[in-house]
Every structure is written in structure tokens, then in C-alpha cells.
Amino acid sequence: MFKNRLIVKVLIALSVIIVAIVTIFSYIFWQNDQNILNEIRTYSRNSAIEAINQNEKYKLSEDRKKNKTNIEIIGRHSSEHIKNLDIKGLREMLYLDMQANNVVLIQIIDNDMDEPFLTAVKKDKKIIFVQKIPNELKEMKKLHKIEEFKANIIDRGSHDTHRIHSEKNMSIEQTILAHNKHDGKIIGQAILYYDNSIFEEKVSMLKNDAIKKIDKFDEKIDEKIDTFMMNKFFLYFIGLFAILITMTIILKALVNTPLQKLKAGLDDFFLVLHDKKKNPSKIQISSKDEFEDMAHSVNKNIATSVNLHKTLSILNAVLETKSKKEKTLLDNSGQGFLTFDEDFLVDNTYSKKCVQLLGSNIGDKDISNLLSLDAKDTSSFKSFVLGALKVDNKIIQKSMLSLLPSEITIRDKDLQLEYKIVEGNKTMLIITNVTQQNILREKLEIEQNTAKMMMTIIENSASFHDIKRDFAYFIEHRSHYISTSRTSMKNMSNLYREIHTFKGVFSQFFMNDIASELHDIESQISNFIKDGKNITNDQILSFINDIDFDNIINDEYNTISKLLGEEFACGDNVLIIDADSLKSIEDRYVSLLESCNINNELSNNILNDIKKHTQRKLKSQLKSYIGLAKRVSQDLEKEIYDFEIVGDENVIITDKLVPFVKSLVHVFRNSVDHGIETPEKRLELDKDEIGSISCSFNSSDDGLQIVISDDGAGIDIEKIKMKISKEVDVSSLDDGDIYQYIFEDDLSTKDEISELSGRGIGMGAVKQVVDSLNGTIEIQSKINIGTTFIFNLPINQEEG
Amino acid sequence: MLNVLIVDDSLVVIKVLKEHFHSLGHNVMAVATNGVEAVELMKTIKPDLITMDIVMKKMDGLEALEIIHKINKDIPIIMITSVGLETTILESLQKGAKGYILKPITLRALSDEIGNNFPKYKTSKI
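Going down the list, the protein sequences come from chains A and B.
For the record, in the first sequence the residue sitting at position 551 is 551 according to our numbering, with numbers rising by one throughout.
If you want our numbering, it's the 1-based position in the second sequence plus 1000.
Straight line, CA to CA, 27 Å or less: simulated DSSO-like cross-link-like pairs of lysine-lysine:
{"#": "1", "chain 1": "B", "residue 1": "K1018", "chain 2": "A", "residue 2": "K687"}
{"#": "2", "chain 1": "B", "residue 1": "K1103", "chain 2": "A", "residue 2": "K630"}
{"#": "3", "chain 1": "A", "residue 1": "K390", "chain 2": "B", "residue 2": "K1073"}
{"#": "4", "chain 1": "B", "residue 1": "K1057", "chain 2": "A", "residue 2": "K687"}
{"#": "5", "chain 1": "B", "residue 1": "K1057", "chain 2": "A", "residue 2": "K681"}
{"#": "6", "chain 1": "A", "residue 1": "K394", "chain 2": "B", "residue 2": "K1098"}
{"#": "7", "chain 1": "B", "residue 1": "K1103", "chain 2": "A", "residue 2": "K681"}
{"#": "8", "chain 1": "B", "residue 1": "K1095", "chain 2": "A", "residue 2": "K390"}
{"#": "9", "chain 1": "A", "residue 1": "K382", "chain 2": "B", "residue 2": "K1098"}
{"#": "10", "chain 1": "A", "residue 1": "K376", "chain 2": "B", "residue 2": "K1095"}
{"#": "11", "chain 1": "B", "residue 1": "K1057", "chain 2": "B", "residue 2": "K1070"}
{"#": "12", "chain 1": "A", "residue 1": "K687", "chain 2": "B", "residue 2": "K1103"}
{"#": "13", "chain 1": "B", "residue 1": "K1103", "chain 2": "A", "residue 2": "K394"}
{"#": "14", "chain 1": "B", "residue 1": "K1122", "chain 2": "A", "residue 2": "K398"}
{"#": "15", "chain 1": "B", "residue 1": "K1058", "chain 2": "B", "residue 2": "K1073"}
{"#": "16", "chain 1": "A", "residue 1": "K390", "chain 2": "B", "residue 2": "K1098"}
{"#": "17", "chain 1": "B", "residue 1": "K1098", "chain 2": "A", "residue 2": "K420"}
{"#": "18", "chain 1": "A", "residue 1": "K426", "chain 2": "B", "residue 2": "K1098"}
Keep in mind that the hints were calculated from the coordinates and are not lab data.
Could you build all of it, start to finish, from the sequences and the hints given here?
This is the structure we're talking about:
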């Protein structure tokens, strides 16, 4: 049965169809038969009832005729009895008439009397005589259909005898008609009551009887039909069964057997495909029909497929060798390849390079562990990968993958990571070792920085040598900064200020190594200051003496001397002619001029030219701060316009002024850091997003005036007031006085301490130098408009 | 030429984006300084592209993204954000953003994102 599924299906379908057709047709025929049968039944029933009705009508009319005649006769014969008061005779006459069926009452009325003359009534099938009409009759009249028949009672006198004679050969009707021709006196009335209903009851009983008989007959017929139907169904089923059996035999022979042969043949073929059998056996069907054709075709196809299969296995073998080669290729490339699933465990098919980059055995290990991600990074790593796996859109997938870490450092190796979603919902990780590239890049950056350093030094060689000389002096005499006559706090402040200035100046020359070393020292001193009074002067002294400054400066100094020559690095001047010989040239020239008493334009120009080379110019010195300000602004992500130094080219810096000009580095730094706002802030304030700084100087007999201003945030005077209010009575001071407090060492109106402008100490250094020169600093500031510093120095140029 | 709606509360970012869009030949049709304004604007205009800052005071970028996505999900929205908000970026991409640009915004990054969403504006190199 299980093997013959096709036959079962066909048989089920077939039987369903046959049963459906037979059922539909039988239903239609049965419906038809029923209709005809019903019509016949209705017809026979109707005709039976019709016959009874006809009969009833006839009987009724006969009865009426009879009653009419009877009452006429009674009317005719009553006159004699009334006249003779012969009640007995009248009773006898009425008695006969009352015998008739359905007659319920006969009444004789004498017109001369108020009451009826005589009334005959049927009561309980007996005939009684009364004078009045009994009440029962009145009720009977209500219940039954009572018909009245009336006749007049006429007194004809002498004519009677003649009439009786002549009546001998006449019918009753003729007699009545004859009597009516002779008018007489109407003396009364005879009335006959006739009850129709009794008759009708009888008729309806007859009808019911007839219908009952018909129904009984119908039932018998129905029974016969049922038996016939059962026989019919039985025959149907036998027919159906016969058809199905025939079909089974036919299908089995024609379809099932060939199909089984085909299946066996194909199974054989699949065994060959699975390399479990070498050659397939042929399918043999000789049924001379479509199955035979099919077997031929399948045989042919199997033969071709087997050949293809053989070719394919050869190709496969070739491909396998090739992919093995490819893996070796991947293994030997500089990059590591690995894949992982949604479980983040690395598949075992990673390239050899991965082992070298990530560790010995990485198969089945968690990728986030291998990449040494911390808990937070791991969770976001996983959510990014899972997010990318879920998305179909390649662009969004790429965006999500780009959120993953692109470079990590593991075991001193810089690894560049690239991610791809590959087939089978796997993530491929391509790891490239970029340590060497990074080292090269760092080297390049250092080289670039060195180049910048050299350029700045060459451009500002004079000030570089000043700094170098000053710093050497500081290193040599550093112990002198710690004076036992001052408090340790004061000494630390001085030291701090000095180192801070050097740090600023060195970073101006891109000498980053020295600057960062100095920054570290500065931070340590800053910590000492914070610790406060516990530090003694001796401790500070030993701290500062223990610092190996030579080591700090050596690297960068060596680089400079290597690149620019020993002479440049060690000499105090850029010029090949050293300063002293130039000075002696100048001196000799001056004495020559004096002795010859020459004072003309030409000789002055020559003297000035010589002086140009022996003296430092204020303008070129200040110009070096333009570059500084620009660099500082870049570090802080701010922008400032290029600016010019406005002032006389020929103003020179006397030796006395050198520390002052150097200290101005703090003013420029301050302007950029505290003054100029971020571009965002500036746009919000409706200012030009690029800030402006200007610097001008003027030298006159009164002295030197240098003006440095910015269009930045201005100094928040309220903040200063708040800070100093604990120690000073603010109300007695004007704004100018309050501004002076920004030079206090521990005051910085910017809340966070910035690495660049330090800890508000820079401005203190400026103040100190200006004070030593007996100069003044004037500050003008307006919130959100800017700040201007005006330095006035009472120095006669010629004195220098 | 694309008509662009910029949603950002930083005047500098707006300025930079405007300059970049102009240099790429696109038109900045409107600027909203927060999510509420952006959603309001979307009732009257139909831009081809929206750049959306993630961190804004009145209704942040994520919320605005969701609402605008409901109004019209065919308009590509590119999130403008800074480093450190990677998880938020993922969330926004899952919620329908079509890309993101990290601050500071470079012409290259913007051009790439436009090219990703509008292949006909793809440029090989700037």
C-alpha cells in the first residue's frame, strides 16, 4: 500500500469524483420524482374532495326543493285546521313533516292571534309540540346555519272542493301553482326551519374519511420508494467498487511498475554520483508507451551525467590543490586573515600570519580577547559587528564597520585592522602590521620638527644665541636663585618663573624635547608650591642641583651643531665676522669720524649699517612672536589673522631691554590663550571668527612704548574682584588697580589650568622685568571687546 | 545639484558645511539649529539630503532622525558627530541614518558620504 502511493492517490481522486457525480445526479432525479409524485397526490386528493362537494351541493338543492314543497303543502292544508281549531289534525300533519332529516322546527302562525298557533320542535330527536318558540331554537339559530322556508296560509272557502278534484292528476308543484292562482284571504303563515349544519358535518366527515384513505395509500407508496432507493444505492456502490478495482489493476500495470523501474535506475545513478558504484545499470521498460520513451531519455542523460561527474571530480581535485596554494599565498602575505561568527569565536581557518601577530593558538578564541579590548570596548565592538551583520545595505554596513577600532597596539606591535562581512554571515578581519610604518612616520615627524626648528633658529639666530647663553648662565648659576635670605616659597616662585620663561622660549624655537623636560621640572616645582611651607630652601637647592640639565639640552644642541656646524652652535653670532671684531670696526670708524670731524649723511648711513649688524633690532625680535602666536592658536584650535609689527625698523634692543623683550612671550601667549575665544564662541558673539592681535611700538625721548592688543574676551574684572576680595578691600580700588592683580602669581581668570600659558605665572614674570626697569604696565580691557597692554619704559636709547 | 537641510547648533559647523556643500556644487536650502526646528521645517520643505548633528539642546539628532524618518524615509540623513559617540552612531545607523561624518568635517568625508547616497555625485578623488 505504501509503495503504491500513486495508485492510492488516483483511486481516492477517482472515487471522490464518482461519488460526487452520482450523488448530484441522484439528488436531481430524486427531486424530480418527488415533484411528480406530489403533483399526482394533490390532483387525486382535489378530485375526491371536488366529487364530495358536488354531491353535497346536489343534496342540498334537493333538500331545499323538498322543504319548499313541504311548507307549501303545510300552508295549504293548515287553513282548514286553523279555522276548525283542529290542533290534533295539524299535529299529525306536522309530525310527518318533522320526520324529515334536518328539519328542526315548523311553526304555524294565525294572524288573528298574538302567539303562534302551533310549533313543532325536534328536541333530543323527539318531536314535541309547543305554542311558543323554545329558547333553544334561538340559541340554535346563533350556532347553526338555519334556513327559513315560509308559506302563507290562505283561506279559499268554497273553491276548495273543486280544486281538490282538479288536483287529482297534478304534481305537487302544479297544485301549488294552481292554488296561488285563486286569491284568498291570508290568515296565517307556516315557517319551516331547516338546519344546514347537520348536513355539512356529515359532508366534512365524509371528506376526512376520503383524505385519510388517500394518505394511507401514499404511505404505502413511500415505503415502496424507500426500498427501491436502497437497492439503487447498493447497486451504485457495487458499480463504484468495480470501477476502482479495475482502475487499480490498470494503474499498477501501466504506471506504477514502470515508475518503480525508473526510480531504481535513478537510485543507481545517485550511487554512482556519490562514488559508491562505478557504472549505473540501464533502465529496461518495454511498454511501448511514454514510459519507454522516458526510460530511453533517462538512460541517455544518466550516461552523459556520469561522464560529466567524472570530469567534475577531476576539476575538483585540481581546484583543491589550487585553493591550498592560495591559502599558502595568504599565509605568506604580510597581512593576517581571520574570520569569526556571531559568537565572536575565531574560525580555525585563519592565516599563519595571525599566529605571529596575535599569539600562538587563536582558533575558537574570542576575538575581543585576542585584540585585548577592555569590557567597555568589547561590548561596543560586539554591538557594532552584530549591527553590521544585521544590515543589508552595504553602505550602512560599511559605516557601522568603520566604527570598529582601526588600529591597536598588541605586544609592541601596531596593528591596522580592516573588517569585511563575507559569505555565511561571517566577519573577516584583515590585520596588517604597521609598526614599521608608524616608526617611519614618527621619524618623519621628528625630521619635520627638526627642520622647523632649524628654520626658526636660522631666522632668529640672534635671539637663539641669547637664549642659549642665558640658559647656560641659568644652569651654571642655578643655585644662586635659592637665596637663604628669602622664604622657600619666594625662592620656589622665582625658580618657577625662570623655568617657565625658558620653557616658553624654547618651545618658540620648536625645541620640543627641552620644552617638555622643562615642563616636567616646572610641574614638580608647582607641586612643591602646592605642598607649601614644608619644603625647606635646602631641599629646593638639592632638587635643582640634582637636575642633569646637560643631558636635557644635549640632544637638541647636538642636532643643531650637526646641522648648522660647530661654529654656529657654539658661537654667539650668526655672522662669520664675530661681534667683537665688528664692534672694533665700528669703534675705529667712529673715532675716525670724530677725529676728522665729519658729520654728513653718507657717513651716518655707513655708521648705521655697521650698527645694524652689531645691534639687535626690536622689530625683528617682536616679529618672531607672530609665528609663536599663530602656532599657539593652532594648538588651541583657534584662528588669528597674520599681523604686522608696527614701528621704526631702526629701534634697537639695548642689553638692558633683552629680558623684557623675552618676557613678552607671555603677553602674546596670554592674548591667544585667554584673550582670543574659540571660533564657535566668536561666531556666537557675532564677532569675526578669526581673531586679531596687533603690536606696535614707539621710541621717543620719553622712553619706549610697546602696545599689544587683542580683540578677545577681555579681562573679567568681577572675577578678579571675587578672587582678591578676601585679602583686599575692593571698593577702594579703581579698575586700573584691579587689573594689576593679574600679575599676581596665583591668579588666572581662566578656570582650568592650561598647559600653554601655564598657571598665571607668565604675567608675573613680565611684571617683574618691567618693575626692574622702572617701567609701567597699563591695561585697558572691555568684556568681549578685547584687552590692550601698554608698556612704558623710561629708557633713553642712547644710554644703551 | 542637491538641496540640503543642515541641522546643527554650532555656527562654525554650519559655516563649514555650507562652504563644503557650495564647493561641491550643492544648495543649502535651509538650516535648523535644533531637532524641533528641523521637524517643523520638514512640514514645508522637501530636501534631497539632511545633515544632522547628534548632540543638540532642543531635541537631539537621534530623536529628530526618528521623527523625520517617519515623515519621509526616502531622504538620506547623514549624522554629524564627534569621536567618542560610536555607540550613538550605531544606534542612529540602525534607526535609519544613511551615514556619518566625524568632526572636524573634511570636504573629503562629506563628498564620500554624498557619493555613497547619490552615486552620480561620486568623485574619485578631491
